[in-house]
Amino acid sequence: MSDTGNQGGLIVRIWRALRRPSVSLSLGTLLVGGFIAGIVFWGGFNTAMEATNQESFCISCHEMEENVYQEYKNTVHYSNRTGVRATCPDCHVPKEWTHKMVRKIQASNELYHKALGSIDTPEKFEAKRLELAKHVWASMKRTDSRECRNCHDYESMDFSFQGRRAVAQHSEGLTHGKTCIDCHKGIAHSLPAMYDVDPTSVVGNQGKTSADQPSESPPPEAATPAK
Amino acid sequence: MNKKTMAALAVLWLWGGAMSAAFGEGLVSERGNLALDEEAPAAEAKQYAKDGDVIPRDYVQQPPLIPHKTEGYIISTKSNKCLSCHSWANAKASLATKISQTHFEDRDKNVLANVSARRYFCTQCHVPQVNAPPLVENTFKPITAISGQ
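Chains as they are written, first to last, in numbering that gives the first Met the number 0: chain G, 0 to 226; chain H, 0 to 148.
There are no misleading hints in this set.
Counterexamples of contact, computed for chain G against chain H with all Cβ distances above 12 Å:
1. G82
2. V92
3. S144
4. D157
5. T174
6. T178
Think about it this way: if two alpha-carbon atoms lie no more than 20 Å apart in a straight line, the pair counts; the simulated EDC-like pairs of lysine to aspartate or glutamate are:
7. H:K91 to G:E171
8. H:K80 to G:E70
9. H:K80 to G:D197
10. H:K91 to G:D181
The hints are simulated quantities; they were obtained by calculation from the structure and are not laboratory data.
All C-beta atoms, glycine included, are put in the ideal place defined by N, C-alpha and C.
Could you put together the complete structure from these sequences and hints?
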């Protein structure tokens, strides 16, 4: 290896420059400069990430603003007696740094589908609603409803102030390994057609109604249509 | 003008007078005595009763009343929050009353495999209770077959 410096490509030259000890800058300058640069870069990184962690950012896409946000505005997590709100990231982005990073990297898939226009009309969104909802339910189940529990702490939950249906269900369910999302589906957004999840809580017995998903033809049924 | 027309007009005039007397004084509309462009303050929201015991029925065909809150319970063609507890499949686990078997019949009495569309919209017949006083006095009493008295 020669030290002529002008040979090789750009990357090689930069690498060589980085490997060579500094001859003109003091160690103090390098340390302080590096420290300040670290603050600026880390602060910038964090600021940028927090900017993507705000409701205004989430609903800057019409896919979110016109569908899920409008549904959510009718629910208790948006409007209630005391005015405490849970915004989009409170439920959909983990609080802890590592989990948050993982979720943010996963979100690149959402950018990809934004570019593809996968859900850019209400009709397309509705057609995918069950699939998307199942993703969220699965991740909530996997994490034991971690984002719910950021506010709804089981340890601080006083059953004696709950209605008796809630007492019965909570003491039975939560002590037997159930998690929030097992029962509390559709509390912040409209439910998808629930034939796949609980066919006994939907009208009709055909699995799907004709208006639901026109692309899929339901299996023929002998029973009289329930209309 | 013949006699019949005269009589009809007279009756109409008397009736009109009586009606205007009845509606003109003493009666206040639900909006209060307000001009058309004025807006009455919103009525106080009623509080739903807390979870309670089964509410006794007052007549045999009465749809059972709902003894708990139902705020935020959505009933649509895609899902029915009530049935997530009250369907036959879910009732046992959720300690809820299951829907009557009459709810599986269509109007021609054909028994269906799932809840009938005409019985699907629960709150058409079953209603929760609020702390509202009765709008009018009512002396209705259930028959002995129900009350036992």
